[in-house]
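Engineer: Sequence:
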Amino acid sequence: MLAQREKPDVEPGTIIDQVPHSGQRIKPHQSVFLEVAQQPKKLSAPPFIGLSLLDAQKRAGADRIRLKVWTVPDIAPRDTIIAQSPRAEKQLDVPQVTLYVSKGSVTTLRLVPDFKGVPLSSAEAHLKKEGVGVSSNTSADRLAEETIVLSQKPLAGSIVDLSKPTSVQLQG
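Residue numbering for the sequence shown follows the numbering used here, beginning at 1 and increasing consecutively.
Since the hints were made in silico from the structure, they are not lab data. We put the CB at the ideal spot given by N, CA and C, even for glycine. Do not rely on the hints blindly, as some may be mistaken.
Stated by the list, open to error - In silico BS3-like cross-links for lysine-lysine, where the CA-CA straight-line distance does not exceed 25 Å:
{"no.": "1", "residue 1": "K116", "residue 2": "K129"}
{"no.": "2", "residue 1": "K42", "residue 2": "K58"}
{"no.": "3", "residue 1": "K7", "residue 2": "K90"}
{"no.": "4", "residue 1": "K153", "residue 2": "K164"}
{"no.": "5", "residue 1": "K116", "residue 2": "K128"}
{"no.": "6", "residue 1": "K68", "residue 2": "K103"}
{"no.": "7", "residue 1": "K58", "residue 2": "K7"}
{"no.": "8", "residue 1": "K128", "residue 2": "K103"}
{"no.": "9", "residue 1": "K90", "residue 2": "K42"}
{"no.": "10", "residue 1": "K68", "residue 2": "K90"}
{"no.": "11", "residue 1": "K58", "residue 2": "K41"}
{"no.": "12", "residue 1": "K153", "residue 2": "K116"}
{"no.": "13", "residue 1": "K68", "residue 2": "K41"}
{"no.": "14", "residue 1": "K68", "residue 2": "K58"}
{"no.": "15", "residue 1": "K129", "residue 2": "K90"}
{"no.": "16", "residue 1": "K103", "residue 2": "K58"}
{"no.": "17", "residue 1": "K164", "residue 2": "K103"}
{"no.": "18", "residue 1": "K90", "residue 2": "K58"}
{"no.": "19", "residue 1": "K129", "residue 2": "K164"}
{"no.": "20", "residue 1": "K41", "residue 2": "K116"}
{"no.": "21", "residue 1": "K103", "residue 2": "K129"}
{"no.": "22", "residue 1": "K42", "residue 2": "K68"}
{"no.": "23", "residue 1": "K128", "residue 2": "K164"}
{"no.": "24", "residue 1": "K7", "residue 2": "K42"}
{"no.": "25", "residue 1": "K90", "residue 2": "K128"}
As the list claims (entries may be wrong) - Restraint ranges, calculated between C-beta atoms of paired labels, are given here:
{"no.": "26", "residue 1": "G117", "residue 2": "P165", "range": "56 to 66 Å"}
{"no.": "27", "residue 1": "G13", "residue 2": "D55", "range": "49 to 59 Å"}
{"no.": "28", "residue 1": "E6", "residue 2": "A83", "range": "40 to 50 Å"}
{"no.": "29", "residue 1": "S163", "residue 2": "P8", "range": "53 to 63 Å"}
Taking the hints into account, I'd like the entire structure generated from these sequences.
Structural biologist: As structure tokens, this is what we get:
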């Protein structure tokens with residue numbers, strides 16, 4: 001019979017224990033139990049890029065990996081992992097991974113999208129998510145049906161600064 005135990009300081013395949021022990025007598029055909037050294041399995045870095053910081057922390061906790069987190073300005077959404085070291089699937093000598101997490105956009109300048117032909121409700125939802133004020137001259141009774149944007153101000157492709165009060169006018 002054979003058992004294995006992880007021993008990083010012992011050559012793999014070395015017998016580290018046996019039953020019966022050395023010097024003891026055994027009967028013919030009696031089993032001898034051996035415990036053999038094996039190297040611990042190397043842990044590899046999970047793929048964290050694209051995950052939220054919270055999801056990465058959960059994954060690292062499950063794998064018993066320590067995280068070192070650096071936040072950097074980037075266009076990726078806030079708290080999104082944009083880089084890691086060591087890279088995904090690389091074996092870890094120590095159970096630690098450095099993550100680079102987006103602080104969010106570094107600029108407040110945005111291009112105004114082209115909303116012509118888009119449902120008014122979708123355009124308004126997108127603008128509100130970006131923190132942009134929306135005004136529409138479409139009457140409330142026309143909003144009951146799905147109204148399509150026919151024109152807009154500022155025009156598509158215009159650059160607006162979101163650090164200043166900004167409003168987009170949509171006409172259906």
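Engineer: Give a verdict on every hint.
Structural biologist: Now for the hints, and whether the structure bears them out:
1. The hinted pair formed by K116 and K129 meets the criterion: a straight-line CA distance of about 19 Å does not exceed 25 Å.
2. For a cut-off of 25 Å, the pair hint linking K42 to K58 stands: about 20 Å separates their Cα positions.
3. For the hint pairing K7 with K90, the CA-to-CA distance comes to about 22 Å; that is within 25 Å, so the pair holds.
4. For a cut-off of 25 Å, the pair hint linking K153 to K164 stands: about 16 Å separates their Cα positions.
5. Simply put, K116 and K128 have alpha-carbon atoms about 17 Å apart, close enough for the 25 Å limit, and the pair holds.
6. Distance check on the hinted pair: K68 and K103 sit about 15 Å apart at the alpha-carbon level, within 25 Å; holds.
7. The suggested pairing of K58 with K7 is violated, with an alpha-carbon distance near 28 Å, which exceeds 25 Å.
8. Our distance criterion of 25 Å between C-alpha atoms is met by K128 and K103, whose separation comes to about 20 Å.
9. A distance of roughly 10 Å separates the Cα atoms of K90 and K42; the hinted pair therefore holds under the 25 Å criterion.
10. As the CA atoms of K68 and K90 are separated by approximately 17 Å, the hinted pair is consistent with the 25 Å bound.
11. Taken as a hint, the K58 and K41 pair is honoured in the structure, with Cα atoms around 21 Å apart against an allowance of 25 Å.
12. Between K153 and K116 the CA atoms are separated by roughly 11 Å; this keeps the pair inside 25 Å, and the hint holds.
13. Annotation: proposed proximity of K68 to K41 holds, straight-line Cα distance about 23 Å (limit 25 Å).
14. Under the criterion of a C-alpha separation no larger than 25 Å, the hint pairing K68 with K58 is consistent with the structure, at around 14 Å.
15. With a CA separation close to 38 Å, the supplied pair K129 and K90 exceeds the 25 Å bound.
16. Proximity of K103 to K58 is assessed by CA-CA distance (about 20 Å); at most 25 Å being required, the pair is judged to hold.
17. A threshold of 25 Å between alpha carbons decides the hint, and for K164 with K103 the separation of about 20 Å falls inside it, so the pair holds.
18. For the hint linking K90 to K58, the alpha-carbon distance of about 19 Å falls within 25 Å, and the restraint holds.
19. Between K129 and K164, the direct Cα distance comes to roughly 16 Å. Compliance with the 25 Å bound is thereby established for this hinted pair.
20. Proposed proximity of K41 and K116 is contradicted: the alpha carbons are some 57 Å apart, above 25 Å.
21. The suggested pairing of K103 with K129 holds, with an alpha-carbon distance near 17 Å, which does not exceed 25 Å.
22. A C-alpha spacing of about 20 Å is found between K42 and K68, which places the hinted pair at or below 25 Å, so the restraint holds.
23. Between K128 and K164 the alpha-carbon distance is near 15 Å, which keeps this suggested pair within the 25 Å criterion.
24. The suggested pairing of K7 with K42 holds, with an alpha-carbon distance near 13 Å, which does not exceed 25 Å.
25. Proximity of K90 to K128 is assessed by CA-CA distance (about 42 Å); at most 25 Å being required, the pair is judged violated.
26. Between G117 and P165 the beta carbons are some 27 Å apart, a value that contradicts the proposed interval 56 to 66 Å.
27. Hint check: G13 to D55, Cβ distance near 40 Å, so the stated range 49 to 59 Å is violated.
28. Distance hint check: the CB atoms of E6 and A83 are about 32 Å apart, inconsistent with the given range 40 to 50 Å.
29. Between S163 and P8 the Cβ separation comes to about 55 Å, which falls inside the hinted range of 53 to 63 Å.
Hint check: violations occur at hints 7, 15, 20, 25, 26, 27 and 28; the rest are consistent with the structure.
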